[in-house]
Each structure stands twice: as structure tokens, then as C-alpha cells.
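Asks: Dock chain one against chain two, each of which comes alone in its own frame, and use the hints as you go.
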Amino acid sequence: MSDMSETAAKRASLWDFANPTRFLAIAGPVLPWLGSLTALVFAVALWLGFSAPEDYQQGSTVLIMFIHVPAAWLAMMCYSIMSVSALGTLVWRHPLADVSLRAAAPIGAAFTFLALVTGSLWGKPMWGTWWVWDARLTSVLVLFIIYMGLIALSKAIEEPSAAARALAIVTLVGFINIPIIKFSVDWWNTLHQPASVSKLGRPTMDPSFLYPLLLMALAYTLLFLVLHLMNMRNEILRRRVRSMRMMAARESEAG
Amino acid sequence: MFGQYSAFIIPSYLVTALVIAGLIVWSLVDYRLRLRELEELERRGIKRRAAAGKSDD
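Chains A and B supply the protein sequences, listed in that same order. Numbering-wise (our numbering), the first sequence opens with residue 1 and increments by one. Numbering-wise (our numbering), the second sequence opens with residue 1001 and increments by one.
One chain only, chain B, in its complex shape (with noise of 0.2 Å):
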């Protein structure tokens, strides 16, 4: 495809596209299970220390 170069090319190209896939679906699968575990928290009846007027975090 790329002549005699094929395969140094793709691989490079591949392993970009996994690295980058990679974090984004690391980041997103993060965000899921953490907004899970507040969830998980306001069920049990937890409240965050700013919803009382103070800034936590």
C-alpha cells in the first residue's frame, strides 16, 4: 500500500490509533465508574460537605 515502507508505516499507524483509543476509553470507563460510586454514596444518604455552603474537594 505504502510500497516498501508498509511496514514501518502501519505499525506506526497502528499503534497510535490504539495508544489514543486507549485513553480515551480509559477516560471515559473512569468517569462512568466514579459518577457510579457518588451515586452509590447520595443512595446511601451521604452529602457532600459544600452542599452545606462549604467548597470541599
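Bound-form chain A, shown alone (with noise of 0.2 Å):
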């Protein structure tokens, strides 16, 4: 008895945001403060950054590296999400999770683009290329190839419900690359080197260097969720506005 009416009330929290309304209502105030503080956690990331020393290999590039792999975590990050949200779609019927999905895909175009210039940027001096077609960087390029595809998906469909299905089942299939830019570098010979932070035990970086990284990556993730709720927001009010227009067109052609 006292099990089940638990597991109601986590159901209730859970659909709680499926009201666009209610999530409007909570998203307008939470918004300025969560901007705020995005906004101070990338103040002092980069105090904290620029104040490190120069790596002993890389010099003063390892300052590409904190602005670089956050892109890159975020990038991947922001498709995991899109991954949940397309099963909310198809599983749950969540009536927010195709709101999710697309607000998302540019973002996370955005941020794979950041990962592949500073990248680029990085490797030059480096590695002495801008580029190589190893399997880290190849699979990343395939990420924003996925990304650029499902935003021009998430545009050709005109029927709702049948664009958010499409949408859904092709992020899924895509989802299979996450796993593969992530252990890239371990299952193939990559020049790309392979992860020093999260790894089992200790992350191979010293403090001065993982500090500020760690630190912009949590910047990054805040503005990842301010950027997602504020596109969420923007794509709930669009659909306000078509179904608001299409029910005035069919008033106007029944009167």
C-alpha cells in the first residue's frame, strides 16, 4: 500500500513538467539566476585557467585544452540527452520530450563545431596538422554531421506528432556513436591521446590543470541548461502560436 502510493508520488513529480504551462511558469524565474550563476562559474574558470602554469608539453596551449574538452563532453552530453528525450517520445509519450529533443540539436551542433575548431586549433601547433582521419576525430565529425541532419529533420515534417517519431528513431540509431567517439581511442590506434580525467582511479592531470578544467566544464553544463531551457521555452510559445493560427484559420473558414 504505502509502496504504491510512493511510486505515485514519484510519477507525479516525474509528470509535473508535463505541463508546458507549468514548465513556462517554472522556467521564467529560474532562468536570471541560473544565467547568473552560469556566468560566474565561467568568471572564475577562467581566472583559475589563465592563472595556470604552462604544461611542460604543451606549453600555454593547454589553455585550448579548457575551453576544447568541455566543448567536446558537452557535445556528447547534449546527444545522451537527445537519446533520452527520443525515448520519451516513443516510450513514455512525455509531451515535453520532442520540446527536448529539438530545442536541443542545435546546441549540441554548436558545441560540436567549438570541439572540432579548438581542435583544429590545438593540433596545428601540436601535431603539426589541422587534421587527421583517425577514429576520434572522424566520429566526432559524423556527431555534427547527425546533428546538422536531424536539425534539417526536425524542419521537413510538417506534421507534428509524425516529425517527432521520425525525429526520435533517427536519434536513436545515431546514438550508436556516442560509444564510439567515446572508446575511439581505445579500440583503435588514434593519434588523438586518450582520456585523462575520467578514467578508473585517479585522472592523470595535476591538480593546477584539472581544477580549471573540471570547473569549465561545470560552466559549460550550466550553459548548456540555461541555452536548453531557454529553447525549450521559445519552441513551447511556437507551438502555442501554429495551433493558436490554425484554430483561428478553421474558425474564420467554419464562420
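To be clear, the hints were calculated from the coordinates, so they are not data collected in a lab. Treat the hints loosely; a few may be bogus.
To list a few chain A residues with every Cβ distance to chain B over 12 Å, as calculated [stated by the list, open to error]:
#1 Val-44
#2 Tyr-56
#3 Ile-67
#4 His-192
#5 Ser-196
#6 Val-197
#7 Ile-236
A few chain B residues facing chain A, derived, Cβ under 7 Å [what the hints assert, rightly or not]:
#8 Tyr-1005
#9 Phe-1008
#10 Pro-1011
#11 Val-1015
#12 Thr-1016
#13 Val-1019
#14 Leu-1023
#15 Tyr-1031
#16 Arg-1034
#17 Glu-1040
#18 Leu-1041
#19 Ile-1046
Some chain B residues near chain A, calculated using beta-carbon distances under 8 Å [what the hints assert, rightly or not]:
#20 Leu-1014
#21 Val-1025
#22 Glu-1037
#23 Leu-1038
#24 Glu-1039
#25 Arg-1048
Just so you know, these numbers come straight off a predicted model, no measurement behind them. Here a beta-carbon is modelled for each residue, glycine too, at the ideal position from N, C-alpha and C.
Replies: Structural data, given as C-alpha cells:
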């Protein structure tokens, strides 16, 4: 009996956000605070990063790592969130799942673009080349192309529920690329170095680099949250406008 | 400023700042445009179905 009511309470909390009106009511007051916190964390992370010593191998180009690595992490995290959203559309039929997926795609594409460009700008002085077709670089390029494809697809289908299903299915198919990116540096002999932070045991990095990097990753994550909430709000309003226009058109036809 | 690697560090930070600023501005402009559309519809006396008790979107 108590088990059942507990489950019901959990359900209720999950579905609290199912109502777009309630989502707007929560996002509105939260966004200015979250935005300010993001700016603050960015400021501290930048200050820590620029006061870090030079790396004994990479010299001052370690500064590029502080923005390259979080961009790459976020590129993958964003796609994972989109995949969970896709499940939300297909399995649970959560009304905001498709809104979340659509809102995240351009942000993910932007972070992937940043990971590629800053990686290239680091690769030239350190590897001596802007680009190599190794497994890590190629799989991230594929991620960028998948993001572009999803954005194109999201605008291609007019009927909302058909569009949501198609987008969700293609997103889930593309998720196969995420473990490929993650483990590409272990499975293949890549020019790109293997993980040095997220590995079993201790990160193989000095705290003077690890702390600014982790703080910057936190700043990027907060930034993603802010942008995602803003874009979800925009998408909800876009749908509202659309349904109101359709209603108006139907009424003017009838009357 | 950052020694021999300035030519790679500065563009990295510049492109990152520009893309992030672009994302923020785009989201804010999009929000303004949607609000304006909703105001325009309301001025024409068009109400949402949700206002009549049923949730839409």
C-alpha cells in the first residue's frame, strides 16, 4: 500500500513538468538565477585557467584544452540527453520530450563545432596538422553531421506527431556513435590521446590543470542548461502560436 | 601575450566566445519574436484552447 503511494508520488513528480504551462512558470523565474550563476562560474574558471602554469609538453596551448575538452564533453552529453528525450517520445509519450529534443539539437551542433575548431587549432601547433582522419576526429565529425541531419529533419516534416516520431527514431539510431566516440581512443590507434580525466582510478592530470578544467566543464554544463531551457520555452511558444493560428483559420473557415 | 602559440590560443577563445554569444542572442531574439506573435494573436482576439480548460501544445 505504502509502496504504491510512493510510486504514485514519484510519477507525479516526473509528470509535473509534463504540462507546458507549468514548465513556462518554472523556467521563467529560474532562468535569470541560473544565467547569473553560469556567468559567475565562467568567470572563476577563466581566471583559474589563465593563472595556471604552462604545461611542460603543450606549453601555453593547454589554455585551448580548457575550452576544447568541455565542448567535446557537452557535445556528447547533449546527444545523450536528446536520446533520452527520444525514448521519452517513443516509450512514455511525454509531451515535452520532443520539445526537449528539438531544443537541444542546435546547441549540440554548436558545441560539436567548437570541439572540432578548437581541436584543430590545438592540433596544428602540437601535432603539426589541422586534421587527421583518425577514429576520434572522424567520429566527432560524424556527430556534427548527425546533428545537422537532425536539424534538417526537424524542419522537414510538417505534421507534429509524425515529425516527433521520425526525429526520435533517427536520434536513437545515431546514438550508436556516442560509445564509438568515447572508446575510439582505446579501440583504435588514434593520434588523439586517450582519456586522462574520466578513467578508473585517479585522473592523470595535475590539480593546477584539473581544477580549471573541471570548473570550466561545470560552466559549460550550466550554459547548456540555460540555453536548453530558453530554447524549450521558445519551442513551446512556437507551438502555441501554431495551434492558435490553426484554430483561427478553422474558425474563419467555419464562420 | 601567450608566447609563440598566441596565433592558436586567441582564435580558439574568440571563436568560442562568438559561438556562445551567438547561441544566447539567437535564443533571446527567438523569444522576443514568439512573444510578439502571441501578443498579435491575442490582440486579434484569438484565445488558446487551454484557456477553455483543455491543454494543448
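Asks: Decide, hint by hint, whether the structure agrees.
Replies: These are the hints, each one checked on the structure:
{"no.": "1", "hint": "Val-44", "in the structure": "holds (16 Å)"}
{"no.": "2", "hint": "Tyr-56", "in the structure": "holds (14 Å)"}
{"no.": "3", "hint": "Ile-67", "in the structure": "violated (5 Å)"}
{"no.": "4", "hint": "His-192", "in the structure": "holds (17 Å)"}
{"no.": "5", "hint": "Ser-196", "in the structure": "holds (19 Å)"}
{"no.": "6", "hint": "Val-197", "in the structure": "holds (19 Å)"}
{"no.": "7", "hint": "Ile-236", "in the structure": "violated (6 Å)"}
{"no.": "8", "hint": "Tyr-1005", "in the structure": "holds (5 Å)"}
{"no.": "9", "hint": "Phe-1008", "in the structure": "holds (5 Å)"}
{"no.": "10", "hint": "Pro-1011", "in the structure": "holds (6 Å)"}
{"no.": "11", "hint": "Val-1015", "in the structure": "holds (5 Å)"}
{"no.": "12", "hint": "Thr-1016", "in the structure": "holds (5 Å)"}
{"no.": "13", "hint": "Val-1019", "in the structure": "holds (5 Å)"}
{"no.": "14", "hint": "Leu-1023", "in the structure": "holds (6 Å)"}
{"no.": "15", "hint": "Tyr-1031", "in the structure": "holds (5 Å)"}
{"no.": "16", "hint": "Arg-1034", "in the structure": "holds (4 Å)"}
{"no.": "17", "hint": "Glu-1040", "in the structure": "violated (9 Å)"}
{"no.": "18", "hint": "Leu-1041", "in the structure": "holds (5 Å)"}
{"no.": "19", "hint": "Ile-1046", "in the structure": "holds (5 Å)"}
{"no.": "20", "hint": "Leu-1014", "in the structure": "violated (10 Å)"}
{"no.": "21", "hint": "Val-1025", "in the structure": "violated (11 Å)"}
{"no.": "22", "hint": "Glu-1037", "in the structure": "holds (5 Å)"}
{"no.": "23", "hint": "Leu-1038", "in the structure": "holds (6 Å)"}
{"no.": "24", "hint": "Glu-1039", "in the structure": "violated (10 Å)"}
{"no.": "25", "hint": "Arg-1048", "in the structure": "holds (6 Å)"}
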